[in-house]
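Chain residues, written in single-letter form:
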Amino acid sequence: MAQTSTYTRRNFLKGAAALGAAAVMAGCSNGALSETGSAASGGNSQATTAGTTVTKHAFCQMCGPARTHCSTTCYIKDGVWTNVEGNPEAGNNWGRGSRTLCAKGNSAMQTIYSPLRITYPMKRVGEKGEGKFERCTWDEAINIIATTLKEQKEKYGPESYGVLSPQFYAVLATLGRRFLNVHGSPNYLHSAICNSQRVFSRLVTLGGPDHDRANSTVPGQLGKTKLLVVWGYNSENSAINQGNPNGRLNAIEAGLKVIDIRPMRNGLGAHADIWVPVRPGTDCALALAILNVIIGEDLYDHEFVSNWCSGFDELAAHVQQYTPEWASGITGLPIEQIYDVARMMGTTKPMGIMAGNGVGDQQNDGHDVLAAICLIEAITGNIGIAGGAGAGMVMPKPMISTEEIDLLTERLPKSAEDIQNGYSAGCSNLVAPEVPRWFQDEITWETGPTTAYFKGLMSTIDGNPKPLRAVFGQSSNPFGATRQPKKIAEALKALDFYFVMDVYWNSSCDYADIVLPACSNYETDVQFAMKNSADGTWIGINQKIQEPLGESRSDWQFYLDLAVAMGYGDDFWNGDMEACLREQLEPSGISVEELRAADHGIFIERSDGAKPSEPKYQDYENLFKTLPDGKVQCSNSWIGGKPNAQETGTLGFLPTYKGPAESIAGTSELAQEYPLILSDVHAYRLCEHSYYADVPYLRELQPYPWAKINPQTAKKYGIENGDWMKVESPHGWVKLVAEYFEAISPETLMCRRGWWQECAELGLEGYGCFDGGSDVSVLYDSDPANFDQFHSAMSKQTLVKISKLEGADNGN
Amino acid sequence: MATEQLGFYVDTTRCIKCWACVITCKQWHDIKAGTISRRRVDETNGGTFPNVTRTFTSLSCMHCANPGCVSVCPTGAVSKRAEDGLVVVDKEVCIGCKTCATGCPFDVPQYFEMKMDKCDGCLTLRTKEGDEPRCVITCPCKALSFGKLDDMKEAAAKKGGNKKDGSTVPSVYIS
Chain A
0 MAQTSTYTRR NFLKGAAALG AAAVMAGCSN GALSETGSAA SGGNSQATTA
50 GTTVTKHAFC QMCGPARTHC STTCYIKDGV WTNVEGNPEA GNNWGRGSRT
100 LCAKGNSAMQ TIYSPLRITY PMKRVGEKGE GKFERCTWDE AINIIATTLK
150 EQKEKYGPES YGVLSPQFYA VLATLGRRFL NVHGSPNYLH SAICNSQRVF
200 SRLVTLGGPD HDRANSTVPG QLGKTKLLVV WGYNSENSAI NQGNPNGRLN
250 AIEAGLKVID IRPMRNGLGA HADIWVPVRP GTDCALALAI LNVIIGEDLY
300 DHEFVSNWCS GFDELAAHVQ QYTPEWASGI TGLPIEQIYD VARMMGTTKP
350 MGIMAGNGVG DQQNDGHDVL AAICLIEAIT GNIGIAGGAG AGMVMPKPMI
400 STEEIDLLTE RLPKSAEDIQ NGYSAGCSNL VAPEVPRWFQ DEITWETGPT
450 TAYFKGLMST IDGNPKPLRA VFGQSSNPFG ATRQPKKIAE ALKALDFYFV
500 MDVYWNSSCD YADIVLPACS NYETDVQFAM KNSADGTWIG INQKIQEPLG
550 ESRSDWQFYL DLAVAMGYGD DFWNGDMEAC LREQLEPSGI SVEELRAADH
600 GIFIERSDGA KPSEPKYQDY ENLFKTLPDG KVQCSNSWIG GKPNAQETGT
650 LGFLPTYKGP AESIAGTSEL AQEYPLILSD VHAYRLCEHS YYADVPYLRE
700 LQPYPWAKIN PQTAKKYGIE NGDWMKVESP HGWVKLVAEY FEAISPETLM
750 CRRGWWQECA ELGLEGYGCF DGGSDVSVLY DSDPANFDQF HSAMSKQTLV
800 KISKLEGADN GN
Chain B
0 MATEQLGFYV DTTRCIKCWA CVITCKQWHD IKAGTISRRR VDETNGGTFP
50 NVTRTFTSLS CMHCANPGCV SVCPTGAVSK RAEDGLVVVD KEVCIGCKTC
100 ATGCPFDVPQ YFEMKMDKCD GCLTLRTKEG DEPRCVITCP CKALSFGKLD
150 DMKEAAAKKG GNKKDGSTVP SVYIS
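Respectively, the protein sequence lines represent chains A and B.
Residue numbers for the first sequence, in numbering that gives the first Met the number 0: 0 to 811.
Residue numbers for the second sequence, in numbering that gives the first Met the number 0: 0 to 174.
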């Protein structure tokens, strides 16, 4: 079976295109159902004959691989997936009956017909980065991986194996974690650009029973909220059907006031009452100044503070230095606006804060920002009240119960060093702990111990404390998922063994030893999810839209196959995914076959008469019981004075301004040469992180890598709307197309990252991630000494200089 | 005049420019990427930084009371339906001469695959009572409505909205 011909990446792509040509053509011209009016709900029919349309159920994968947020109904005509809509049975978006999808969801068909699909396993025959591969069989590929992992386990210990986590990824969080535990490695390389960062900060400041249930500043009953502060929160971009813009718009119509704190006045932000265009990366200064005003002007809730806050006096003394006058010079905001916002937050009740990725995990002082935001919410007495933070209605129990996949956490070995230091099992063997080793335990982690993605990969270069020897990248492109691709390339070259499994050829595949073809979410039928509501409970499982393309396989099945090859079969259902599924569904009383036959899922109406009920308000004894003294940590005695994640010093007690690695006020000398600030939106409504620039419907709307720039600034540099610009930071340079945009400060540029995928259908190229490419990740600081000391968040802001890029082919 | 004119109500207070309407229209009407768009999201900005307003308006054919495209069409391919007032193109009759595009003040009819193309209010997709156009169904924020023009007028009025201006008398209300 093994092919002897050698493929360069370019040839490979052509080959893949040829393989899928029929499907691609059909996908482009998707013979809409409409014109025949034959959108019959044909059930889960197996065979299709000419002119037949069937509907199938699948979870939309456009907000991430293996996500189960939006249930969709897919229309398949003569075997070709032509159309998609939200499944009205499931309770997406505003509830049952909703058939909404976002722009990405409406383009989903085009993902399975992409010419960038990988269709067979390959092994590298050229140098790393050169992109020369040879086709191999699945058996050979799995044998090479298993043999390597076994040898390395023997030689370097099981902890020498690590996995890249792209974002929350169900395959990795369940089977991947179970595999790590059985193998004996804690090195789950978590991105440190994640909601988890905000969870860590909330947990240690506001408490909560565990990671998943950390107390929040977000209103649980938005209809009762008077003031909502949206702070670096991007719900019109990252996941429109989950971020609930619809609910927010309803609340605005009913009188809710909104303050939007973000560098751009974006889609949903355009409906806010007040826009606060903070300089990217300086939110901590703003948050501390708000605390300064609320405390200094005596706008806080004295009763709450005296009963339920610990260290308030230290906080009050500490924030005296952070005046609005001081913050104005750092944030670029008018002094008066800072006072106004602080006074509104201090005097409007109930008030809630949606603090998003933009502030909590994409700034190198992310913990301090989040801690300060949590404290604003707490000292104003807004925790646990109707319309304030948390305090959502309590939903009746689901009508269906299922079993979660056991992660076999107890199988991760506890070393002598773990015992000696009082660490949870495995924590001594983390090559670069994401949060401090001492902090990682079953209460604080999501699924188990974590190493930080970027720092973990750097272990292969610096060998500190010991290098990872094998890394598995599954649906994650490290060139797009973290910072500084130049350092990542160095790390991948230094790494002994890198294997990749992905639906599409990603730019890191060129550095892999083995590349495996994953089938899409729409070609497997092993993932299910439930949605519970007041009316009842819905459950659905993916149905196969088509058989896996070429030799592509399910990511779930791959883990089982690898486990069997490693000799771990007993812990992995001996490779039988159906057995794994049966185990999960067993308590529901619904069989796998029954669920797979339901092309809109199964809805079980509530028969217990239970209704959503009011929560117990101001239940502070219970809410704060996991915190030291059972109180909100104004001065943090949980983490303060203890070793930081880097083990280079200790963590502070009080939120303190640090700012980005490069900033106008913080590095003013550098700002002489690089006078503008650059950041990016990270998640965007036309892509999934760095993926999907290849999807024609999405790429058509934004063909070129853009930078939003205020016309006033662009004109100063002789840059017209649509011109290519050279954008240089102290760390690298990229080319971007200037897009005139009034709703951004003249000193700031905002971009969208990624762009490594080409779009063949539109004849649009992909762009590189190194100097001269178009991924802004190459512009950012990546010195681990500058990362957040508690949870490893990295700067997503830098200073740049710009010029018109002469001679660029301006197709715009 | 149609006995029961249908039309759109576009609520700009709920539009966040997510483009879901633009793409759903393409997938359901079999329109390839890189060709035409029957629906688009217009943006109007006011002021300068930092006092900027942005308003997003999702628009397609206005299905006007006095459609400029119908009166100029030399073959009678573009017509206004008596029963619901929708303006449609009969592609069997259309010769792709683009004259209708010159008669439309809103740049609606577009040349596509040798014929003129435009929104038909999802006429062929709405096969049963209560069916709505695809853009309305998919909108995550309920910014779009479609139905009897009097109902659209009433919904718009609640938000201080008005009928869209134009010499051709568009069947669209905007708030």
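Please keep in mind that the hints were generated in silico from the structure rather than gathered at the bench.
This structure is a prediction, so every number in the text was calculated from the model and none was measured.
Hints are not guaranteed to be accurate.
Claimed, not checked - No farther apart than 20 Å at their CA atoms in a straight line, the calculated lysine to any residue pairs in the SDA-like style are these:
#: 1; chain 1: B; residue 1: K141; chain 2: A; residue 2: K122
#: 2; chain 1: B; residue 1: K141; chain 2: A; residue 2: E150
#: 3; chain 1: B; residue 1: K31; chain 2: A; residue 2: D77
#: 4; chain 1: B; residue 1: K157; chain 2: A; residue 2: I251
#: 5; chain 1: B; residue 1: K141; chain 2: A; residue 2: E252
#: 6; chain 1: A; residue 1: K122; chain 2: A; residue 2: E150
#: 7; chain 1: B; residue 1: K157; chain 2: A; residue 2: G254
Against the earlier hints, flag every one the structure doesn't satisfy and list their numbers going up. Violated hints: 1, 2; rest satisfied.
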